[in-house]
Amino acid sequence: QVQLMESGPGLVQPSETLSLTCTVSGFSLTSYNVHWVRQPPGKGLEWMGVMWSGGSTDYNSALKSRLSISRDTSKNQVFLKMNSLQSEDTTTYYCARVSNWEGFFDYWGQGVMVTVSS
Amino acid sequence: IQMTQSPSLLSASVGDRVTLSCKAGQNINNYLAWYQQKLGEAPKLLIYNANSLQTGIPSRFSGSGSGTDYTLTISSLQPEDVATYFCQQYNSWWTFGGGTKLELK
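Protein chains in written order, with the working numbering: chain F, 1 to 118; chain H, 1001 to 1105.
Errors might be hidden in some of the hints.
As the list claims (entries may be wrong) - Here are the simulated distance ranges between beta carbons:
(1) S118(F) to E1041(H): 23 to 31 Å
(2) P40(F) to I1057(H): 23 to 31 Å
(3) T115(F) to S1076(H): 35 to 43 Å
(4) K75(F) to W1093(H): 22 to 30 Å
(5) R1017(H) to N76(F): 42 to 50 Å
(6) G1056(H) to Q110(F): 12 to 20 Å
(7) P9(F) to K1038(H): 21 to 29 Å
(8) S61(F) to E1041(H): 24 to 32 Å
(9) E1041(H) to T21(F): 15 to 23 Å
(10) S1008(H) to S118(F): 31 to 39 Å
In short, the hints are calculated from the structure, not lab data. From a predicted model like this one, the values you see are computed outputs, not experimental measurements. We put the CB at the ideal spot given by N, CA and C, even for glycine.
Construct the entire structure; sequences and hints are all you get.
Okay, here's the thing in structure tokens:
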């Protein structure tokens, strides 16, 4: 059974760094790509970046300077770190799976809401 | 690639045939997916490759289109279809439309 689950702090101080974890089960990180997508309250979805199955990464150009994605295949985890957080980074963060031969997101985590506030 | 959905809000009655539109800023070669998002939930894949129905999705949902213009159709609206629907292109990186909120009249 394919599952993805995000975890991380619900509250982050402005200018600090956000660290999130996506723990997956039911598939291998070396066979599927894991993406991060975010959604401000009541708004649309924004693609953030991808951890490719081969271990490389790509990022949304708008976030590239602040964003880092890594993984630990032994723990079935993908990590997101984003620095210099501001109020506009208050949003729900999702991780989602994409197969190597397709581009659509077939499984999503439940999402984690992060508020940037002092 | 910019994705534009219309309308942003749609009111319809149970049993209605409902059509949602999605327009891409350039040809996306049918690399188009549709997602349903209910309040407080993660998006759920409905349609991929413009017209392929994801496993487990009711057959009242269908997708069509080509080039830059795509459509999601619900043949007979059910109460459980109340949600926001997003289109997404994956021809060049990944971008989403702004969504269409579907409500019952």
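Now for the hints, and whether the structure bears them out:
Remark: the range hint 23 to 31 Å for S118(F) to E1041(H) is upheld by a beta-carbon distance near 30 Å. In this structure the hint that P40(F) and I1057(H) lie 23 to 31 Å apart at CB holds, the actual value being about 27 Å. Range check, T115(F) to S1076(H): about 40 Å between beta-carbon atoms, so the 35 to 43 Å window is met. Roughly 28 Å separates the CB atoms of K75(F) and W1093(H), a value that falls within the hinted 22 to 30 Å.
Range check, R1017(H) to N76(F): Cβ separation about 43 Å, and the 42 to 50 Å hint holds. Distance hint check for G1056(H) and Q110(F): the Cβ-Cβ separation is about 18 Å, which falls inside the suggested range of 12 to 20 Å. At about 26 Å, the CB distance of P9(F) to K1038(H) agrees with the hint of 21 to 29 Å. Against the hinted window of 24 to 32 Å, the Cβ-Cβ separation of S61(F) and E1041(H) comes to about 29 Å, which satisfies the hint.
Between E1041(H) and T21(F) the C-beta distance comes to about 21 Å, which sits within the given range of 15 to 23 Å. Taken as a hint, the range 31 to 39 Å holds for the pair S1008(H) and S118(F), whose Cβ atoms sit roughly 33 Å apart.
Hint violations for this structure: none, all hints satisfied.
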